[in-house]
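> Position chain D against the provided structure of chain B, taking the given hints into account.
If you read the protein sequences in the order shown, they are chains B and D. Numbering follows the numbering used here, with no gaps: position 385 of the first sequence is 385. Numbering follows the numbering used here, with no gaps: position 9 of the second sequence is 9.
It is worth saying that the hints were derived from the structure and are not from the lab. Computed from a prediction, not measured in an experiment: that's the story for all the values here. Beta carbons: idealized from backbone N, C-alpha and C, even for Gly. It is possible that some hints are incorrect.
Per the computed footprint, the stretches of chain B lying under chain D, defined by three or more beta-carbons under 8 Å from a beta-carbon of chain D, are [stated by the list, open to error]: (1) 84-90; (2) 94-101; (3) 214-220; (4) 299-312.
Facing chain B, a subset of chain D residues (Cβ under 10 Å, in silico) [said to hold, decoys possible]: (5) ARG26; (6) ASP30; (7) ARG41; (8) LEU64.
Just a sample of chain B residues kept apart from chain D, beta carbon distances all over 10 Å, derived [as the list claims (entries may be wrong)]: (9) GLY21; (10) LEU29; (11) GLN174; (12) ARG182; (13) ARG186; (14) GLU288; (15) LEU318; (16) ALA341; (17) VAL435; (18) ARG477; (19) ARG514; (20) GLY518.
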Amino acid sequence: MVKSAQDRFTLSGLPVKPFYGPDDPPAPLEPPGQFPYTRGIHPEMYRRRLWTMRQFSGFATPEQTNQRYRYLLEQGQTGLSVAFDLPTLMGFDADHASSLGEVGKCGVSICSLEDMETLFDGIPLDKVSVSMTINSPASILWAMYLVVAERQGVSWQTLNGTLQNDILKEYIAQKEFIFPPRPSMRLVTDSIVFAAEQVPRFNPVSISGYHIREAGSTAVQELAFTLRDGIEYVDCVLQRGLPVDSFAPRLSFFLNSHNDFFEEIAKFRAARRLWARIMRDRYGAKEERSWKLRFHAQTAGCSLTWQQPYNNVMRTTLQALAAVLGGCQSLHTNSLDEAYALPSEHAVTIALRTQQIIAHESGVAAVPDPLGGSYYLESLTHQMEEAALDYIRQIDEMGGMIPAIERGFPQQEIADASYRFQRALEDGQATIVGVTSFQAAESQPIELLQIDEAAGHAQFEKLAALRARRDNARLQRSLEALRQAASGTQNTMPFICDAVRSYATVGEISDTLRGVFGLWQEKSVL
Amino acid sequence: MNKPIRVLVAKPGLDGHDRGAKVIARALRDAGMEVIYTGLRQTPEMIVDAALQEDVRVIGLSILSGAHNAIVPRVLDLLAENGMIGVKVVVGGIIPDEDAEQLKKKGVAAVFQPGASLEEIVEFVRNSAAQAA
Numbered sequence: 001m002v003k004s005a006q007d008r009f010t011l012s013g014l015p016v017k018p019f020y021g022p023d024d025p026p027a028p029l030e031p032p033g034q035f036p037y038t039r040g041i042h043p044e045m046y047r048r049r050l051w052t053m054r055q056f057s058g059f060a061t062p063e064q065t066n067q068r069y070r071y072l073l074e075q076g077q078t079g080l081s082v083a084f085d086l087p088t089l090m091g092f093d094a095d096h097a098s099s100l101g102e103v104g105k106c107g108v109s110i111c112s113l114e115d116m117e118t119l120f121d122g123i124p125l126d127k128v129s130v131s132m133t134i135n136s137p138a139s140i141l142w143a144m145y146l147v148v149a150e151r152q153g154v155s156w157q158t159l160n161g162t163l164q165n166d167i168l169k170e171y172i173a174q175k176e177f178i179f180p181p182r183p184s185m186r187l188v189t190d191s192i193v194f195a196a197e198q199v200p201r202f203n204p205v206s207i208s209g210y211h212i213r214e215a216g217s218t219a220v221q222e223l224a225f226t227l228r229d230g231i232e233y234v235d236c237v238l239q240r241g242l243p244v245d246s247f248a249p250r251l252s253f254f255l256n257s258h259n260d261f262f263e264e265i266a267k268f269r270a271a272r273r274l275w276a277r278i279m280r281d282r283y284g285a286k287e288e289r290s291w292k293l294r295f296h297a298q299t300a301g302c303s304l305t306w307q308q309p310y311n312n313v314m315r316t317t318l319q320a321l322a323a324v325l326g327g328c329q330s331l332h333t334n335s336l337d338e339a340y341a342l343p344s345e346h347a348v349t350i351a352l353r354t355q356q357i358i359a360h361e362s363g364v365a366a367v368p369d370p371l372g373g374s375y376y377l378e379s380l381t382h383q384m385e386e387a388a389l390d391y392i393r394q395i396d397e398m399g400g401m402i403p404a405i406e407r408g409f410p411q412q413e414i415a416d417a418s419y420r421f422q423r424a425l426e427d428g429q430a431t432i433v434g435v436t437s438f439q440a441a442e443s444q445p446i447e448l449l450q451i452d453e454a455a456g457h458a459q460f461e462k463l464a465a466l467r468a469r470r471d472n473a474r475l476q477r478s479l480e481a482l483r484q485a486a487s488g489t490q491n492t493m494p495f496i497c498d499a500v501r502s503y504a505t506v507g508e509i510s511d512t513l514r515g516v517f518g519l520w521q522e523k524s525v526l
Numbered sequence: 001m002n003k004p005i006r007v008l009v010a011k012p013g014l015d016g017h018d019r020g021a022k023v024i025a026r027a028l029r030d031a032g033m034e035v036i037y038t039g040l041r042q043t044p045e046m047i048v049d050a051a052l053q054e055d056v057r058v059i060g061l062s063i064l065s066g067a068h069n070a071i072v073p074r075v076l077d078l079l080a081e082n083g084m085i086g087v088k089v090v091v092g093g094i095i096p097d098e099d100a101e102q103l104k105k106k107g108v109a110a111v112f113q114p115g116a117s118l119e120e121i122v123e124f125v126r127n128s129a130a131q132a133a
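Excised from the complex, chain B in its bound form:
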């Protein structure tokens, strides 16, 4: 079907004109590395240092994932990113009834400090920066990581890494929440304060639009909700009396790189411009480092197709290119088989090679913001910025992101957008190659990573041995101390570290916190 030019829209529904020229919204463009950083946070960008190639991975047991990490590092990957399984993400041990059938399936199973020690066995934490995708029980897994570093002789003062720890987007999109929003925000705030004081080079939160987008939001919604979440965290930490410049430089971001090439680049540029102004003008931050939005990007998992899976390599390449042209600091490229399963070693190697080809062969890393000044891109950047500001104002008027979540506002906006998109596919207004058009009669067989129930059994046995072996009196004292801290106003992090040192499990520590904070039941928004 041929559409008339005036009917064109970006993937997110922004209108696209027949062409763009000098009369379109002008861009008074500062050089890269200068406020408000539209063109990038460094003057030289990738000329000086390439982005970190960080593939998110984890499956089955800590032993198996440790092997995969060593393989990825041998292949030239420059950072690690831990994927935990659903029981770990939800604060259950492998032997809990709710973990049935889920152990090691969507990520690695980590139940105790012992597992964390195995996960990083032979991997020097002073050399490799590690990102951990963990939210509700983030303080627990971070404490385990800190204790492993301590035992490797790596000082917390020099330890690099990133904790996702973004609970707001869980209520909004990914739904891996345990406690209600307000006590959850207290845990996040505790960890940001603890990082500022004791682990100053660690990013204690990675404010994430990725999952918001995967849940079906538009690019504008992803941008707006993510930045408004950032504002919420800043407000919470300021209430603890920390000056903004003492923690803001360590707030990091995580954005999706989706199909609409120019719209995505515009989104990344608009994100930097908006955050710089929010930090300087809304909060009066004085340090440049507080103004700079640093982000990790991941290509869009939800864009991958089950049909004709090799086409996913091309999708991922375009999305990765958009992230690089948008100035990301680190990047994960999805593997061709991820509509089916966690990636095989073969598939993840192609995904890593995709980044290496963009970095070393395409030439795009030679100049910061090479598309800057494009009439279309500058106009889109401006549109994204204005549309995001509208949402931010709306949420401000509701009293902030927590009241907005409690009334289901971002959830409803996302549900509407995802339904609109699915309808557009059904009506033929949107196309997915190989699915809604250009179907192939035969499927292309691919080799898949299989995870059986053996991981569950192995974790089960290790847990039983650990529970029998450890000093249970010491364990109970540490959990009781944590319970009291959580009931009061002390920072919970030192108490969680102590419980971890006594080999309390993820489930036991989570249960202690559940006892104090209660559980969150969401009202489903259709």
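Below, chain D without anything else, positioned relative to chain B:
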């Protein structure tokens, strides 16, 4: 006039990815059915209990985490134990072909994999409900 078809859409297991379940629930509702959406983290017991209370003819289960082989047979067993033989179970999500065949052998009416169209799903549920009536 016929009574509207009643469908339970449920999200079992620990996974929180509810985009698919919500889109399907909405499409079934737009097609004139009465849809009860259970929300997240339902055990097989909770799902079968809800199906009994709500007197539905079809149950749609959305599972993306790989836990389908542990969860779906349990739902089927509980339905049988409660004498709810006529209730059709439809599964959607990331279900490999071999597993889909196994689940169908155990009594699942249909498995919809990624890329299935809303039209196809709505039509199937409509026909299953007619048979289950």
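> Now, for every hint given, state plainly whether the structure supports it.
Status of the hints after comparison with the structure:
1. As drawn, the region 84-90 of chain B meets chain D at 4 residues by the rule of a beta-carbon pair under 8 Å; at three or more, the given contact holds.
2. Counting residues of the region 94-101 of chain B whose CB lies closer than 8 Å to any CB of chain D gives 4, so the stated coverage by that chain holds, three being the minimum.
3. Requiring three or more residues with a Cβ within less than 8 Å of a Cβ of chain D, the coverage given for the region 214-220 of chain B holds, as 3 such residues are present.
4. A count of 4 residues in the region 299-312 of chain B with a Cβ less than 8 Å from any Cβ of chain D is obtained; the coverage claim is therefore met, three being the minimum.
5. Among the interface hints, the one on ARG26(D) holds; its C-beta lies about 5 Å from the nearest C-beta in chain B, closer than the 10 Å criterion.
6. Taking 10 Å as the C-beta contact cut-off toward chain B, the hint placing ASP30(D) at the interface holds, the least distance being around 9 Å.
7. Annotation: interface hint on ARG41(D) holds; nearest CB of chain B at approximately 8 Å, less than 10 Å.
8. Below 10 Å, beta-carbon pairs count as interface contacts, and LEU64(D) has one with chain B at about 9 Å; its hint therefore holds.
9. No beta-carbon of chain D is positioned within 10 Å of the beta-carbon of GLY21(B); the least distance is around 38 Å.
10. Here LEU29(B) stays apart from chain D, with its beta-carbon at least about 37 Å from theirs, past the 10 Å limit.
11. Non-interface call for GLN174(B) relative to chain D: violated, since the shortest CB-CB distance, roughly 6 Å, does not exceed 10 Å.
12. Look at ARG182(B): its CB is around 20 Å from the nearest CB on chain D, clear of 10 Å, so calling it non-interface holds up.
13. Distance to chain D confirms ARG186(B) as a non-interface residue, since its nearest Cβ pair spans about 21 Å, more than 10 Å.
14. The Cβ of GLU288(B) sits about 37 Å from the closest Cβ of chain D, beyond the 10 Å cut-off, so the non-interface label holds.
15. Under the 10 Å C-beta cut-off, the non-interface status given to LEU318(B) relative to chain D holds; the minimum distance is some 20 Å.
16. The non-interface label for ALA341(B) is inconsistent with chain D: the shortest C-beta to C-beta separation is roughly 8 Å, within 10 Å.
17. At the 10 Å boundary, the C-beta of VAL435(B) falls inside the reach of chain D, the nearest C-beta of that chain being 5 Å off.
18. Separation of ARG477(B) from chain D is adequate, the least Cβ-Cβ distance of about 31 Å exceeding the 10 Å criterion.
19. Even its closest Cβ contact with chain D, about 14 Å, leaves ARG514(B) beyond 10 Å, as expected for a residue assigned away from the interface.
20. Every Cβ of chain D is farther than 10 Å from the Cβ of GLY518(B); the closest lies at roughly 15 Å, confirming the non-interface assignment.
In terms of the numbered hints stated before, the structure departs from hints 11, 16 and 17, listed from lowest to highest.
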